[in-house]
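Each chain sits in its own coordinate frame; assemble them with the hints.
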Amino acid sequence: MNHYDLAIIGAGPAGMAAAVTAAESGLQVALIDEQARPGGQIYRNVGSPALRQREILGPDYYAGERLVEALDHPQITDFSGAMVWEVRTDTLCLTVDGQSRQIGFQRLLIATGAQERPVPFPGWTTPGVMTCGAAQIMLKTSGLAPNGPLIIAGSGPLLLLIACQLSRAGVEIEALLETTPRRRYLESLSAWPGALRGWRYLLKGASMLAELRRRGVKHLTGVSQLRAEADAEGQLCGLSYHRGGHQQRLDCATLLVHQGVVPNVQLSRSIGAAHDWDEVQQCWRPRLDPYGETTQAGVFIAGDGGGIGGALVAELQGRRAANRIANQLSRLGATEFEHRANSLQRQIDFQLAIRPFLDRLYRPADEFLRPSDETLVCRCEEVRAGEIRQLARGGCAGPNQAKAFSRAGMGPCQGRLCGLTVSQLMAEASDRPVAEVGYYNIRSPIKPVTLGEVAGLAADQDQQPQAPQIAEPSAVSNYQRSVSR
Amino acid sequence: MATVSNFKRLPANAAAEVCIWVEGQPVTAREGESVAAAVLAAGLGPTRTTPVSDSARSPYCMMGVCFECLMEIDGQANSQGCMTAVEEGMQVRFQRGIRAVPADTDTEKSTEKEAGENR
Ligand code: FES
Numbered sequence: 001m002n003h004y005d006l007a008i009i010g011a012g013p014a015g016m017a018a019a020v021t022a023a024e025s026g027l028q029v030a031l032i033d034e035q036a037r038p039g040g041q042i043y044r045n046v047g048s049p050a051l052r053q054r055e056i057l058g059p060d061y062y063a064g065e066r067l068v069e070a071l072d073h074p075q076i077t078d079f080s081g082a083m084v085w086e087v088r089t090d091t092l093c094l095t096v097d098g099q100s101r102q103i104g105f106q107r108l109l110i111a112t113g114a115q116e117r118p119v120p121f122p123g124w125t126t127p128g129v130m131t132c133g134a135a136q137i138m139l140k141t142s143g144l145a146p147n148g149p150l151i152i153a154g155s156g157p158l159l160l161l162i163a164c165q166l167s168r169a170g171v172e173i174e175a176l177l178e179t180t181p182r183r184r185y186l187e188s189l190s191a192w193p194g195a196l197r198g199w200r201y202l203l204k205g206a207s208m209l210a211e212l213r214r215r216g217v218k219h220l221t222g223v224s225q226l227r228a229e230a231d232a233e234g235q236l237c238g239l240s241y242h243r244g245g246h247q248q249r250l251d252c253a254t255l256l257v258h259q260g261v262v263p264n265v266q267l268s269r270s271i272g273a274a275h276d277w278d279e280v281q282q283c284w285r286p287r288l289d290p291y292g293e294t295t296q297a298g299v300f301i302a303g304d305g306g307g308i309g310g311a312l313v314a315e316l317q318g319r320r321a322a323n324r325i326a327n328q329l330s331r332l333g334a335t336e337f338e339h340r341a342n343s344l345q346r347q348i349d350f351q352l353a354i355r356p357f358l359d360r361l362y363r364p365a366d367e368f369l370r371p372s373d374e375t376l377v378c379r380c381e382e383v384r385a386g387e388i389r390q391l392a393r394g395g396c397a398g399p400n401q402a403k404a405f406s407r408a409g410m411g412p413c414q415g416r417l418c419g420l421t422v423s424q425l426m427a428e429a430s431d432r433p434v435a436e437v438g439y440y441n442i443r444s445p446i447k448p449v450t451l452g453e454v455a456g457l458a459a460d461q462d463q464q465p466q467a468p469q470i471a472e473p474s475a476v477s478n479y480q481r482s483v484s485r
Numbered sequence: 001m002a003t004v005s006n007f008k009r010l011p012a013n014a015a016a017e018v019c020i021w022v023e024g025q026p027v028t029a030r031e032g033e034s035v036a037a038a039v040l041a042a043g044l045g046p047t048r049t050t051p052v053s054d055s056a057r058s059p060y061c062m063m064g065v066c067f068e069c070l071m072e073i074d075g076q077a078n079s080q081g082c083m084t085a086v087e088e089g090m091q092v093r094f095q096r097g098i099r100a101v102p103a104d105t106d107t108e109k110s111t112e113k114e115a116g117e118n119r
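Just so you know, the protein sequences line up as chains A and B, in that order.
Residues in the first sequence are numbered from 1 upward in steps of one, following the UniProt record's numbering.
Residues in the second sequence are numbered from 1 upward in steps of one, following the UniProt record's numbering.
Treat the hints with care, as some may be off.
If you only want the chain B side, here are some residues facing chain A, beta carbon under 10 Å, derived [claimed, not checked]:
hint, residue
1, Cys19
2, Glu23
3, Ala38
4, Pro46
5, Thr47
6, Met83
7, Met90
Hint data in this document are derived by calculation from the structure and do not stem from the laboratory.
This one's a predicted model, so the numbers in the text were calculated from it and none came from an experiment.
Just so it is clear, CB atoms sit at the ideal spot from N, CA and C, and this is done for glycine as well.
Excised from the complex, chain B in its bound form (with noise of 0.2 Å):
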């Protein structure tokens, strides 16, 4: 997990300042912005690993195009970290490849978000 973070706060309006974990890290954020920013300000990541072949990714559009930033955020996997705002007390879990998903059952598939099928 990436310590430095690529990126840097900028002088800003003023803001409140929303506390969620991340990984178990407490990672302080900006009232208003996404996970997926906050995650990327602390310098935390890849926030994903592929189902396929479990190489590493972390978001890329930051406007819910690429689902790149798919994150389990307060128990609920496959959320778009780009497109939740921060809220206090928040848990946030990175989804690692395979392993993460959890087995195939009715109850856990219903706090599984989907999209759909376009065959």
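Same shape as in the complex, but just chain A (with noise of 0.2 Å):
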């Protein structure tokens, strides 16, 4: 097993940065990420785009290039294409093409950044409907654009940009369909004088803005009750909803929706860092110490997985630990350290300062974060909001109980996608806080693994395996149980 004086999970802005600084400090680092080449999921395949037309990304996107070139660092070692399944206190368990193996580090960084936000809604797993980000990667990936009838619908500042550069790319629009409460606007009073900071981050919301009226694309405000309506062969053929006081219909052939971004806490669960809810960003964040290190020693998140702060924050927060570990392991000293922090903190603050004002604006409807009872909550085991809220009222605990009876958070994206929701369901049902009703425990592995993968490791160390949950016959996964009913 090779060692490490740091192990970064995710080769995002924060991984990436939080590598080049721990490597300048002469720290040796692993950089782990899932994908084949580094940028996370905002400068996904940043190195090699698919696009020729630089323009239709724009300059945001082509600014991770210059975080990619630094990682060409002898003291960097680049797991790519690797997915880590499992995290113990100084190991972790990862597969690279098929072969599981381990690796050793004294600290360890969480950089695995955000997830879209669940967007029930009545017919939102119909094969058609996509989320905003799915689109973007597409762009970034392949080059791959929607043809045919498209409706954009959500909120928040990605819907906007995504409406741009589909734009810029000649992809016609049907509509953009805002479903941003009109009392966010007011609600966001409150956060100007912040926002006026950020004045950088209002000028691009307001250019944006600007260029879809350009562009002749019909932006619609003020939208509810979103519907996804099936073909015979179940394929989306278009989408109803609510607005000026009438129901409306499109055709469409592809719906992307988008209610902004929530920390991918999976990881950080998985180890057993304490989380708290966010009542302002409607999620839960681990709770960190000014520098970025959990309630678990020893372990640092940076980026948007410790709460969102957007590309230029991670990579702040990313610098900011990867000093802080430095400074731990006694490659930086103290003077230098507090330096360095108290600049980055600075340029950290900088930057969040439009946070309060987006947080408020485009905090979701309450109709996507607590759906109709018929909603489709899991989308793995199909169960329904109703479902939830019965139980909820009948006493359920919590979420890991309302698992047990009605097998929500069960299936293959262990929560991912429902989890939230759950939560929120159970609070409002039985009238509690979102913090007290709490949340799934989530045990690893945290990704799908082979139990021939398991054994490889096994057999890789030459001892005996320190018991993988999956290794027993008790936790063969419920997926496998459930598919094989």
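So, in structure tokens, the structure goes:
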């Protein structure tokens, strides 16, 4: 087994910046990412972009090139195309090309970023409904764009961005439907002072709106009650929605939805780090010290995985965590550490000034946080919101018990797409705060792995395996059971 | 199975072509892209039906979160199509609800990808 001073999971802006900073301090760094190339989702494939026309994705995307280039450092070992499925105190298990192996580390940085917030509404499982993030990934990695009637619906900066990008690429957009409730504009007023400090972001928002207008994209606000409709083959054929007191309908072959992004907490939960409910961002975030260290000593988080801040903040937080780690491992003196920490903090604060405004303005409409009873909440096991509400009213203690009763969260996505909703529905139905209701317990393996891969690891170590849970017959995944029924 | 693609390829930088087989049909993909992207570009799908109600699903998030893109890739069931890069000659099959699942024997279980039980 190879040992590293620092293992970093996730090669997005936070992970890449941390790797370089740590390497420059003399640390041996393992940089691990599931993708073949560094970049994360925001700079996905930036080292080898598919699109010929750079104007489509714009300069904010190609800004990632500089981070990728800096990774060429002798102290950084690149583990690309590697899937981490279990993290222990000083080792982690990963699979590369079907081969499992372990890596030892002194410090761990989780930089697994964000996922899009689940957007449950009737029909959201229909083939043809995808997320705005998915559309961006297809642009970045394949140069693929929706063809045929396209509707973009939801709320948040990415909604406007993808509309601009697709429009620049010559894609026709049937309609851009904004679900931001009108009262959010009022609610966000209190955050204007911060917004003014972050005027660059405001300017970007304004220029995107102006671009959409210039390009003639039909942009409708005040939209609610989305419902995706399927044809006889089950494929998406239209979207109905409510606006201006009327029910309306449009044909579409592709519907891109978005309600902002939330920290991806799967890994930090699996190691037992403490998480708190963030009422403003309506999501869970790991409890971190000022340098990003979790409640599990030696494990750090930087970037959107610790709370949404965006790519620039992620990069700064990555450097901040790396400096702290170098300092803890006696590779960076106290004076220099303090100096760097202060300077980074100032930059982070400046970049975060816009957040309170954005968080308030783009807080999703209640119908997406706590959807109607008929809406599927757990896509894997097909559990509806009504069932969760009923369980909560019947005295079900929390998501883990609800899971046992309803199977919600037991499927292959391990609650990634229903966890937030289930917690919020139960809180609402039992009239308790979300923090009290809690979240699913997340256990390893956090990614699908074959028994063969687990066994291969044991053989590789030539020792008794540390009993990965899946190796025990009692823990054969429920997905397996459910599909075998 | 849909035949007209809901996606089109925009002018792209040069990349090698990779041929994969989806449900026995040849599909030309772009080197470096995911199986899920290649399947969507070819207008094929739905890529699975659910074990519970047999309802149709296709890739949703393209970033490894939703597991809607589970397919059988080179004989390995429950592989995430959006996290698997295309390779020449790859054999891709769609998973059909309850029916596609092999009998619950140990040998077959070992090729089945599994995620943890989160009870
Ligand atoms: S499309 Fe969501 S995990 Fe692959």
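Evaluated hints:
1. Interface hint at Cys19(B): violated, since its Cβ lies 16 Å from the closest Cβ of chain A, which is beyond the 10 Å cut-off.
2. Taking 10 Å as the C-beta contact cut-off toward chain A, the hint placing Glu23(B) at the interface is violated, the least distance being around 15 Å.
3. Nearest Cβ of chain A to the Cβ of Ala38(B): about 8 Å, under the 10 Å cut. The hint holds.
4. Restraint check, Pro46(B) versus chain A: the minimum CB separation of about 5 Å is within 10 Å; hint holds.
5. For Thr47(B), the shortest C-beta to C-beta distance to chain A is roughly 8 Å, which falls under 10 Å, so the interface hint holds.
6. Satisfaction of the interface hint for Met83(B) is found here, the shortest Cβ-Cβ separation to chain A being roughly 6 Å, below the 10 Å cut-off.
7. Because the closest C-beta pair between Met90(B) and chain A is about 14 Å apart, greater than 10 Å, the hint is violated.
The structure fails hints 1, 2, 7 (numbered hints given earlier, in ascending order).
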